[in-house]
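Turn these sequences into a full structure, and let the hints steer you where they fit.
Number of protein chains: 2
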Amino acid sequence: MSAPTPEIADAIAETARRARVAARELALASRAAKDQALLAMGEALTSAADAIVAANTVDLALGRDAGLADGLLDRLALTPERIAGVVEALRELATLADPVGEVVRGSTLPNGLRLRQVRVPMGVVGMIYEARPNVTVDAAGLGLKSGNAVILRGGSAAERTNRAIVATLREAIASVGLPADAVQTIDQHGRAGVRALMRARGLVDLLVPRGGASLIQTVVREAQVPVIETGVGNCHVYVDGAARLEQAVRIVLNSKTQRPSVCNAAETLLVDRAVAAAFLPMALGALAERGVRLHLDERAAAHVPETVSWTPATAEDWDTEYLDLEIAVGVVDGLEGAIEHIQRHSSGHTEAICTEDLARARQFTDRIDSAAVMVNASTRFTDGGQFGLGAEIGISTQKLHARGPMGLAELTSTKWLCLGDGQVREG
Amino acid sequence: MSAPTPEIADAIAETARRARVAARELALASRAAKDQALLAMGEALTSAADAIVAANTVDLALGRDAGLADGLLDRLALTPERIAGVVEALRELATLADPVGEVVRGSTLPNGLRLRQVRVPMGVVGMIYEARPNVTVDAAGLGLKSGNAVILRGGSAAERTNRAIVATLREAIASVGLPADAVQTIDQHGRAGVRALMRARGLVDLLVPRGGASLIQTVVREAQVPVIETGVGNCHVYVDGAARLEQAVRIVLNSKTQRPSVCNAAETLLVDRAVAAAFLPMALGALAERGVRLHLDERAAAHVPETVSWTPATAEDWDTEYLDLEIAVGVVDGLEGAIEHIQRHSSGHTEAICTEDLARARQFTDRIDSAAVMVNASTRFTDGGQFGLGAEIGISTQKLHARGPMGLAELTSTKWLCLGDGQVREG
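Sequence order for the protein chains is G and Y.
Residue numbers in the first sequence follow my numbering, run continuously in steps of one, and reach 427 at the last position.
Residue numbers in the second sequence follow my numbering, run continuously in steps of one, and reach 854 at the last position.
No lab work stands behind these hints: they were computed from the structure.
Incorrect hints may have been included.
Stated by the list, open to error - Take a look, some chain Y residues computed to stay more than 12 angstroms from chain G by CB distance: (1) A493; (2) L495; (3) P548; (4) R590; (5) T747; (6) A798.
What the hints assert, rightly or not - Computed footprint of chain G on chain Y; a stretch qualifies when at least three of its residues, placed anywhere within it, have a C-beta under 8 angstroms from a C-beta of chain G: (7) 449-455; (8) 531-543; (9) 646-652; (10) 788-797; (11) 805-812.
For each residue, glycine too, the CB sits at the ideal point set by N, CA and C.
See the structure below:
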């Protein structure tokens, strides 16, 4: 990517400086004030629903003209029901504890210094995402509750919708006495704005890209500000020789089909050769019945029911995040074979084992290096709401700072406070 | 920086792959095995002390010929006493609790899933530092105890010394049955090796640059792998109108002079105008007596004792990390003036306030956004050992992942374990 023009770089720097001023005020805001803002944001969105839907209708029409895929148009669409959903999410956010000020650890040192490590907001958080206007509200809400000012880039396809949402949210925030610049959008600067944001060293404390693999890879490669990688999920389910087979079928079906378009859906099924003959006819039949297209390796194909159609798995299939009703299936030589396959192909999001063997469950959880490891449970549980973290801003697949679902705590940093009465250091 | 040659990129990738294999083994190693390795590393260094000192003598001679500054030569020098010091540090590391496997939080979800968030090693950690062979031992020890494989770049000036140390450590690690590739050096590949390491996406989980500001800025700008910024410390002491003045003099002297060459030493003194006339003659006299060169703003210069020499502070002084017996001194309009100055010039490392006024102490700790904030204590306390964290690998001045002294826990990530008995997701 080429460098942004000086004009755009200046505009983004100015946006970031306004965010910093707002962030300093938000960092000191009480939980009560922030919750009041969240409720006001929800009420304002409800009142402005017609105007927002109207803006969205224009975005949708332009998107259709531009030939956007149906899946993208669906994500872009904001109905009154979807608006009610994000408003409800804001209300729930208001019920969660304030992460800011939480004492993480502390002690009194031998010299009498009182040491405390406390949570503080990150400061200025940038979010880059694509054509999902509900993320605009989620990001604004999570950012505000955690005391951060957010700079949003929601994709040109949703520009009008996001502009209407952001204007509504800013007014609501100002109405309770908090700074409107807690939420800003840079959609009007297009891709050059994104490039400038990625380079705004010292002005942006954290950048979270959320979307497709290519968007995330571009941000990770180009960014000069701290980034958290989210969401690419090439998730595996391994059915061990000691699995309860009917239970394993349910887990595989749920992992693959309950919501195939999201990152915690399974993309590959690995089956221990010890149970391939017993398990695969059942599982492949059930998957096919739900409309799942099957990519089978040679050993799996030996156990496919005659009535079920399938294609041979290619080398590429093992690395593909289908995000659709499609799965790669392979037979492996027990736990070792499964671990080896996963170590080679996993994106580090979520992997599951089905087994009743304690030692193998332990081996699997110890040796699989992913954000979440399931034993006898669906991969679909890797989710902030399911984990009880409240809302989530994304699922981190990197190891730095946050791993797995990122909730309010993951949008904070810490600071060390050291209270003394004249201590100086001797050695 | 230009891209490294394919040969160097391949060599670094191969180093990283060996580190990954070692890391997988280290991640499963028991605390007992790791502690045994640490003790063996210490014993091996003691036995090899003569050979290491001999290698260091060659590095020092070459450094002298190349015109290295005295300060750099001093950091490069490895005497038998310094070796005994790092050996003692390894022994202390063996007494610390193992961070790996620590349960950070957990709960049983409404559907019966047992959820645990546990600490796991980062995996492959790169360290880039300059001419400080003791860091080679510290990084290897901290890495091993936290279950990480380290790839070290210790600077060409220390190449022979580091080679001798790394060979000794690898042999010791192998002697207790752990993988020698837990510790590798890439010094032989020079700067091109550093460039390749910074671009080794997916192969390196964390890169920690430690050294001067320009080294750190280069790594942060160029790296495509996760980085933690360390160590630049433009630290401030603010003496408030409600300070105990004699105590404040002791804190200022300690912050500035107890070890001026390190990042937690103070570089700027700000004095409330309310006590400038009472405090500054005492403080400036005491600083001058210790050989500290004074850069005074106009209002501070009004209170300098006649016998004390000084120079006017320039705009640049407020942003300078002297790392030497030198300090910038300014008079400010109370707490607000101090906070405004610090917000503009701080590098986010450590700031201190001297005050007996509770409300102002609270304002200062709430509003100063630095890794550590001291009340009535020396800035010199920002240190892993002083904070009781045990050893430290550096002091993070960024907000992502780790902030302040980084000990063993900061070299880990976490993973979510989810133990079920057939749970699938409904909604």
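Each hint, compared with the structure:
1. A493: holds, 32 angstroms
2. L495: The assertion about Y/L495 holds, with a minimum of 28 angstroms to chain G.
3. P548: violated, 9 angstroms
4. R590: Non-interface label stands for Y/R590: nearest chain G Cβ at 30 angstroms, farther than 12 angstroms.
5. T747: The claim holds: Y/T747 sits with its nearest Cβ about 17 angstroms from chain G, beyond 12 angstroms.
6. A798: violated, 6 angstroms
7. 449-455: holds (count 3)
8. 531-543: That given contact holds, which follows from 4 residues of the region 531-543 of chain Y lying within Cβ reach (below 8 angstroms) of chain G.
9. 646-652: Holds, because 3 residues of the region 646-652 of chain Y bring their Cβ atoms closer than 8 angstroms to Cβ atoms of chain G.
10. 788-797: That given contact holds, which follows from 6 residues of the region 788-797 of chain Y lying within Cβ reach (below 8 angstroms) of chain G.
11. 805-812: holds (count 4)
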